[in-house]
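**Q** Sequence:
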Amino acid sequence: MKIFGKTLLALSLAGAVVSAAHADEKVLHVYNWSDYIAEDTIDNFQKETGIKVVYDVFDSNETLEAKLLAGSSGYDIVVPSNPFLAKQIKAGVYQKLDMSKLPNWKNLDKNLLKALDPSDPGNQYSIPYMWGTIGIGYNVDKVKAALGENAPVNSWDLVFKPENIAKLKGCGVTFLDSPTEILPAALNYLGFKPDSTDKDELKQAEALFLTIRPHVRYFHSSKYIGDLANGNICVAIGYSGDLYQSKARAEDAKNSVNISYKIPKEGAGSFFDMLAIPADAKNVEAAHVFLNYLMQPEVMASITNFVQFPNGNAAATPLVDDVLRNDPGVYPDAATMAKIYTFPDLPAKVQRTMTRSWTTIKSGQ
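Note that the sequence shown covers residues -23 to -1, 1 to 342 in mature numbering (1 follows the signal peptide of the UniProt record, and there is no 0).
Be a bit skeptical, because a hint or two may be false.
Within a straight-line C-alpha distance of at most 27 Å, the following computed DSS-like cross-link-like pairs (lysine-lysine) qualify [unchecked claim]:
#	residue 1	residue 2
1	64	316
2	64	91
3	29	259
4	170	326
5	316	180
6	138	119
7	259	67
8	239	121
9	200	231
10	119	339
11	224	239
12	64	180
13	339	326
14	239	67
15	239	78
16	24	339
17	231	242
18	242	259
19	87	200
20	29	73
21	87	316
22	200	176
23	64	339
24	326	176
25	138	176
26	170	339
27	91	316
28	78	180
29	3	121
30	29	3
31	231	259
32	144	64
Label-pair restraints from in silico Cβ distances [said to hold, decoys possible]:
#	residue 1	residue 2	range
33	26	170	16 to 26 Å
34	125	305	35 to 45 Å
35	275	317	24 to 34 Å
36	46	316	32 to 42 Å
37	3	121	49 to 59 Å
38	184	262	33 to 43 Å
39	232	305	24 to 34 Å
40	51	118	38 to 48 Å
Source of the hints: derived by calculation from the structure; they are not laboratory data. Idealized CB from N, CA, C, for every residue including glycine.
Sequences are here, hints too, so could you generate the full structure?
**A** Have a look at this one:
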């Protein structure tokens, strides 16, 4: 009886392990940027596939990279920006995609895939998700009250000239907390290449920020969305789609906060956020199902309509709301595109220099 009992117990435990393993195959762990998917995307995917999704969010590439490089992140899908993706591929962070499981790949923008080839040669490891620009979101009425009718809202002068940002301090100015995306704006404004690795030029960019630092309320990569919508700040240097979300939230709330977005005339940085599968992902099969689902035109168009970032899916573009497709802040015209730059895969030494500068800037010392 004891032996029989032990056998039953062993069989029971083995069954529990198999069941747990099988259950885990039905759970997909996704790590994406905050406010970066439609409200019903995950629910619709779960209903259609039966795969449960555990969905977590981050608000900077540095946060994502720290988890990935530490290993055993626990995620099956992550969303790095292309310059971070490039060095992470070299570090062996990701696994190659199985194209046989991605029939909807045909819907992607071929020109965009070609442009992303330097980050992911042969487009073997990633899929373009959303892209956008880093520019100026502002409260039209508060900025006008502070700087008058001729406020330079279409120029980096708005925040990089001390005499301007000093007048905006009372209503609140914020910047993204991202040295690799914000320091290039200062470099470009100073007449240097935005991808400069020159120590003296980087020091000048730091010095520019230190002159305006007393007038910056905070550095954060997501908090500004709600604060701008609620009228708690008046200028946010942020991601285009996030700032359009602020505008939409204010309109929905009918709180009389009038928000607009401008790509500075001097030029601005662009980013491409990519979907990728970590090398140590536990649920690779479900990850491919999810990626293929997202590449359906109607799914990607609904995400763009909600988050207000343009996507990398050519077949989805006709399905995007007209008001977004015709807005130059979302889909820039050719003249604006000519002044938009991408962020490079910087050497680790340069990144460390930028991070040190950023620490100095944020501390104001």
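**Q** Please flag the earlier hints that this structure goes against, numbers listed from lowest up.
**A** 14, 15, 16, 17, 18, 19, 22, 28, 29, 31, 32, 33, 34, 38
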